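Protein chains in written order, with numbering that gives the first Met the number 0: chain V, 0 to 128; chain F, 0 to 127; chain Z, 0 to 358.
Note that these hints are calculated values from the structure, not bench results.
A hint or two may mislead.
[What the hints assert, rightly or not] Partial selection, computed: residues in chain Z whose CB lies under 8 Å from chain V: (1) 55; (2) 59; (3) 142; (4) 149; (5) 157; (6) 158; (7) 159; (8) 161; (9) 164.
[Claimed, not checked] Simulated restraints on C-beta separations: (10) 235(Z) to 94(F): 37 to 47 Å; (11) 23(F) to 11(Z): 16 to 26 Å; (12) 71(V) to 20(F): 52 to 62 Å; (13) 39(F) to 205(Z): 39 to 49 Å; (14) 39(F) to 57(V): 25 to 35 Å; (15) 275(Z) to 91(F): 18 to 28 Å; (16) 197(Z) to 105(V): 46 to 56 Å; (17) 221(Z) to 108(F): 39 to 49 Å; (18) 107(V) to 340(Z): 45 to 55 Å; (19) 72(F) to 221(Z): 47 to 57 Å; (20) 11(Z) to 49(V): 56 to 66 Å.
[Unchecked claim] Simulated pairs of lysine-lysine, PhoX-like, Cα-Cα distance not exceeding 20 Å: (21) 2(Z) to 288(Z); (22) 46(Z) to 109(F); (23) 164(Z) to 273(Z); (24) 288(Z) to 40(F); (25) 2(Z) to 40(F).
Remember, predicted model here, so these are calculated numbers, not experimental data.
Cβ coordinates follow ideal geometry from the N, Cα and C atoms, glycine included.
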Amino acid sequence: MGLITIAKTISRNVFGGPATRRYPAEPAKRYDLTRGRLVFEPENCRLCRICMLRCPTQAIVVERKERTWEIDHFRCITCGNCVDLCPANVLHLEPVYREPEADRPAKEFHRIPEPPPENADAGCETPGV
Amino acid sequence: MRREEQPIEVIEIGSLVDRAAQKKVEGNRLVAISCAAVEGKYEVTYSFEERDHRFTNLRVVVEPGGTVPSVTPVYWGAFVYENEIHDLFGLDVTGINVDYGGHFFDTKVKHPFALTPATRPPEKTEET
Amino acid sequence: MSKQIVIPFGPQHPVLPEPIHLDLVMEDERVVEALPSIGYVHRGLEKLVEKRDFRDFVYIAERICGICSFIHGMTYCHAVEGVMDLPVPPRANYLRTVWSELSRLHSHLLWLGLMADAMGFESLFMQSWRLREHVLDDMEETTGNRVIQGSCKVGGVRRDISDAKLREIADGLEELRPQLEDLRDVFVRDSSVRHRLGGLGTLTEQQAWELGAVGPVLRACGVANDIRQTGYAAYDELDFTPAVETAGDCWARTAVRAEELFTSIDLIQQAAEKIPEGPIEVKVTGNPKGEFYARSEQPRGEVIHYVKANGTKNLVRFRVRTPTFSNIAPLVVSMKGIELADVPVVVLSIDPCIGCAER
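Go ahead and model the full structure; you've got the sequences and the hints to work with.
Below, the structure is given as structure tokens:
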């Protein structure tokens, strides 16, 4: 009985192909939902600061006066909390991971463009516009 | 989803060891000892479970600077919880069978969860 | 009486995935006494709760442990929901159950591999981890990550699994079952494994109960104690019997875990059959006030999340008692009288997760 089990396992291992992938020569396994990296689109950001206030690791810093949005990717745990909460839907997760980095801190910096004047008071509470 | 009953009985510190011994006779196991620093006092809660999953708690309230008697004479394994409470909250537990003398959790700031935690020692300038 | 010497074991040791230090008082080759000390990876996570919104803390609670992460997140949610008296929708409870059982499967396969590695059975280790990969793929496909799922939130779950996908998971596990049975047979019946693990680190039923052993360590001593029986999440609507062994040694702990693989598969298949339609979350309004003990069964045993809140968005106290912490005392007792060469195996038999234990 033991021999049959061993033979089964051996044949599976010999003919079944490797269980691993030759990453990075081949791309890593990914799914649609994979939380790879956080992507920010500055165009429609309303500077509401919800992402900064609700980030569990305080990775995001938003400055309303300077109209800047900044993330430290070494702090970010890609939980996706900000993506769920963002009222303007300017944050989303991509299934591809970020490239490896050696320099600390790995900051990504964005300047939010000024909204066109006719939109200035449509739900936008940014001071100094 | 079934919601569990979890009665909490507040008792005097003096009767703690006797009540724990009574719990043991009734066939309870010690589930956990938890401590919380609330409103200027420490709440130490002893949780027990019977074989049929009945979950009960005994709570003693300790003033800062007070001591709690150890329940290790009754439940031998309680030493891990009591050392933890001593190291994190700075609450003195008297008569632990395996006393680490404050070295169970070696934290940089002593008693970090206490009502008034010690301040962080000045950082030594290190050359890196 | 021969001379006693003290051998320091750990915190860095090839068999230990995480740092625990043991002072072994030895008499020749026999352990007379073992004195554990931890504190190498204390992160102060419990204190952090005073600085974070209670709704966001679930992502941190999940990172208490890198293996039973989902169940930590879920138990934290149970605790907060218990304080707030939130009715979680039934579908969310079922999804939580499915993910919990997938976590248990992958954790047990990981541990079985580590155990095989500790006793020098390298190919068995590879086989276990190869099968584990299948479970991790299911996890990533449904939640977005392999081990830190992040799919639980206060009031429900963040993602739904379609009924078709649930059936696919159930069928995939059914295909995996014969391979898992082969694996279990090696762990339970193989004579070399029995010789290596049998009679090692034995605890009696009485000792295990009174020392506060939890999970497979307790069930290996003949106590059918499984927190899933208290009926949290959807377990009150599913049918299962906890796996129990009576020998109380390392072999019995291995056998209990190997058997629980099949309990988990059964539970996932039942959940895929019975899952009701409906919403997956309820809206959380207001702040929690009160206290609650949430208990659930992790792969390693019973975990407790205690939450105390005073009506603000930050909790006053969050306390986690992990299964490893509770299993330290039984470990110390079960190590008396074993030989030095058996220490790694006995330490591993409680499935130590020190990062969890110290939080």
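Exercise. Which hint numbers doesn't this structure obey?
Worked result: Failing hints, ascending: 7, 8, 9, 11, 15, 19, 20, 21, 25.
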